[in-house]
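K.L.:
Going by the working numbering, the letters in the sequence shown line up with residues 1 to 496, in that order.
Hints may be right or wrong, so weigh each one.
[Claimed, not checked] 30 Å max Cα-Cα, derived DSS-like pairs, lysine-lysine:
{"id": "1", "residue 1": "280", "residue 2": "73"}
{"id": "2", "residue 1": "94", "residue 2": "54"}
{"id": "3", "residue 1": "73", "residue 2": "371"}
{"id": "4", "residue 1": "315", "residue 2": "54"}
{"id": "5", "residue 1": "54", "residue 2": "391"}
{"id": "6", "residue 1": "323", "residue 2": "54"}
{"id": "7", "residue 1": "287", "residue 2": "323"}
{"id": "8", "residue 1": "401", "residue 2": "280"}
{"id": "9", "residue 1": "455", "residue 2": "390"}
{"id": "10", "residue 1": "294", "residue 2": "401"}
{"id": "11", "residue 1": "287", "residue 2": "137"}
{"id": "12", "residue 1": "287", "residue 2": "212"}
{"id": "13", "residue 1": "323", "residue 2": "402"}
{"id": "14", "residue 1": "96", "residue 2": "137"}
{"id": "15", "residue 1": "96", "residue 2": "294"}
{"id": "16", "residue 1": "455", "residue 2": "391"}
{"id": "17", "residue 1": "455", "residue 2": "294"}
{"id": "18", "residue 1": "294", "residue 2": "315"}
For the record, the hints were derived by calculation from the structure and aren't laboratory data.
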Amino acid sequence: MALLTFASPQFTFKEKLILEERYLSRVIWTSSFPRPTLCKASYKVETIPRRSSKFQPSIWTNDYIQSISSEYKEEMYREQCKVLSEEVRMMLCKVKNEIDQLEFIDVLQRLGVAYRFNNEIRNILDNIYNTQTSKLKNNLYATSLKFRLLRQHRYNISTDVFIDFQDEMCNFKKEQPIDVEAMLSMYEASFHSFENETILYELRDVTSKFLKEYLKNGGNHVSLLISHALELPLHWRIPRWEAWWFINICERQQNQNHVLLQFAKLDFNIVQSMYQEELKYTSRWWKRTELGEKLSFSRDRLVENFVWTMGTNFKPEFEYFRKVITKVNSFITTIDDVYDVYGTLEELELFTHTIERWDLSATSSLPYYMKICFLSLYNFVNELAFEILKKSGYYIIPYLKKVWTDLCKSFFIEAKWYHSEYTPTFGEYLENARISVSAHVILTHAYIVIPHSFKIEDLVSLDEDSNIIHFSAMIFRLANDLGSYKEIFQSQFNAT
1 MALLTFASPQ FTFKEKLILE ERYLSRVIWT SSFPRPTLCK ASYKVETIPR
51 RSSKFQPSIW TNDYIQSISS EYKEEMYREQ CKVLSEEVRM MLCKVKNEID
101 QLEFIDVLQR LGVAYRFNNE IRNILDNIYN TQTSKLKNNL YATSLKFRLL
151 RQHRYNISTD VFIDFQDEMC NFKKEQPIDV EAMLSMYEAS FHSFENETIL
201 YELRDVTSKF LKEYLKNGGN HVSLLISHAL ELPLHWRIPR WEAWWFINIC
251 ERQQNQNHVL LQFAKLDFNI VQSMYQEELK YTSRWWKRTE LGEKLSFSRD
301 RLVENFVWTM GTNFKPEFEY FRKVITKVNS FITTIDDVYD VYGTLEELEL
351 FTHTIERWDL SATSSLPYYM KICFLSLYNF VNELAFEILK KSGYYIIPYL
401 KKVWTDLCKS FFIEAKWYHS EYTPTFGEYL ENARISVSAH VILTHAYIVI
451 PHSFKIEDLV SLDEDSNIIH FSAMIFRLAN DLGSYKEIFQ SQFNAT
């Protein structure tokens, strides 16, 4: 399947410099002073030592991205999707058995179409949650599925529902018949744990061992699901990737629901066509900034940044969010490389000071590549702030300026560590790294562009480094370092 996910003018000083050069030449040679005697002299051009990057160039050219097309942009497919959506809605509303309702919701989620039935799903789960007596009490498969779905949808369900199963599961014997689907369901549910819920940790250990053992002999449909789950649980997967995988799995089943499967495939293709248009828009923007060409030492990762952003929220109504956060992530990537790869310590100090001042007059002391970088960011932030001002009446530049300043200051600290060959303590590193991972920048921009109304006080709360922001940033940093530490050690670009 081609493309699983989606398949400002340049500020240049060149002409000014040429004019200044001509002017100086004219002044020198037309003045009344005697002309100096010209002689040949040897001179050496001073070269600034810089680290070299070995980043692979992007395989996604703007021309290729603009050539992507999809027939599913046509209105006829949207109308067809509406018809199928209503058929599926009627199916969902007709299901009355509790376990059948849970399974239907689970399938809708895995096919990536549950977002179209939020009200119906909420009503069903409300009813299941508020029902005092449940026929599922002695059914491990159903209890696990119910627990997972309720926790996914933020219902306060206790782990006590598993107490009756704990002894049986922890002491089962190989010769005893075991419900494989129940073990898989329990395994998936165990990843929705809160702190100190030891029963879920224990059951995860038991179920994972059982499922790994089962795979040694299994070769059926369930084995595919088990292998997929052991590789990465549902709770950790990107929904759109999961939808693509699960649609292909469902096509192989003999007892498939043809209407539901047809609807899921059509919805996937329609939403994919939306991603393609969003990617075209961001690619045109990136091309206009010329950051990829002018700052050739940095990573050109527009498509990867779009995919990352799409992974955080795939729903069609979050189009503006994806466009803005893709730009934010692209700036973060570029500025990170300015600090980690190319800039001298003196240049980086000037750049950090310019970001902090947020004043165009401060760019006069910057080298050309930093002027390009700063002005691109400056224009982006001001344009975004203008849009928010028109929509909400709030002036947000001070908040955006602060998160970018904090980020660049943290980058500069890491640059000073590198240039002075200083190895920070783990505590020093984490205190700075939770900022340099850019979580505050991303969350602040995300909050103002998601489709909801907000108050200016909310941005103040984001800036106060509450526990949820602090620990989210810490998790982001540690996960990022664990995923890239080998490459970082080889490149020696930063303090990790």
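K.L.:
The structure should be examined with respect to each hint, and the outcome stated for every one.
P.N.:
Right, here's what the structure says about each hint:
1. 280 - 73: holds (14 Å)
2. 94 - 54: With Cα atoms ~58 Å apart, residue 94 and residue 54 exceed 30 Å; violated.
3. 73 - 371: Violated - the C-alpha atoms of residue 371 and residue 73 are around 39 Å apart, more than 30 Å.
4. 315 - 54: Given that 30 Å is the threshold and the Cα spacing comes to 35 Å, the pair is violated.
5. 54 - 391: Roughly 43 Å separates the two Cα atoms, so the pair is violated.
6. 323 - 54: holds (28 Å)
7. 287 - 323: holds (14 Å)
8. 401 - 280: Holds, because 28 Å separates the two Cα atoms, which is no more than 30 Å.
9. 455 - 390: holds (14 Å)
10. 294 - 401: holds (24 Å)
11. 287 - 137: violated (58 Å)
12. 287 - 212: violated (48 Å)
13. 323 - 402: holds (22 Å)
14. 96 - 137: Roughly 17 Å separates the two Cα atoms, so the pair holds.
15. 96 - 294: Given that 30 Å is the threshold and the Cα spacing comes to 61 Å, the pair is violated.
16. 455 - 391: holds (12 Å)
17. 455 - 294: violated (38 Å)
18. 294 - 315: With Cα atoms ~34 Å apart, residue 294 and residue 315 exceed 30 Å; violated.
Of the numbered hints listed earlier, those contradicted by the structure are 2, 3, 4, 5, 11, 12, 15, 17, 18.
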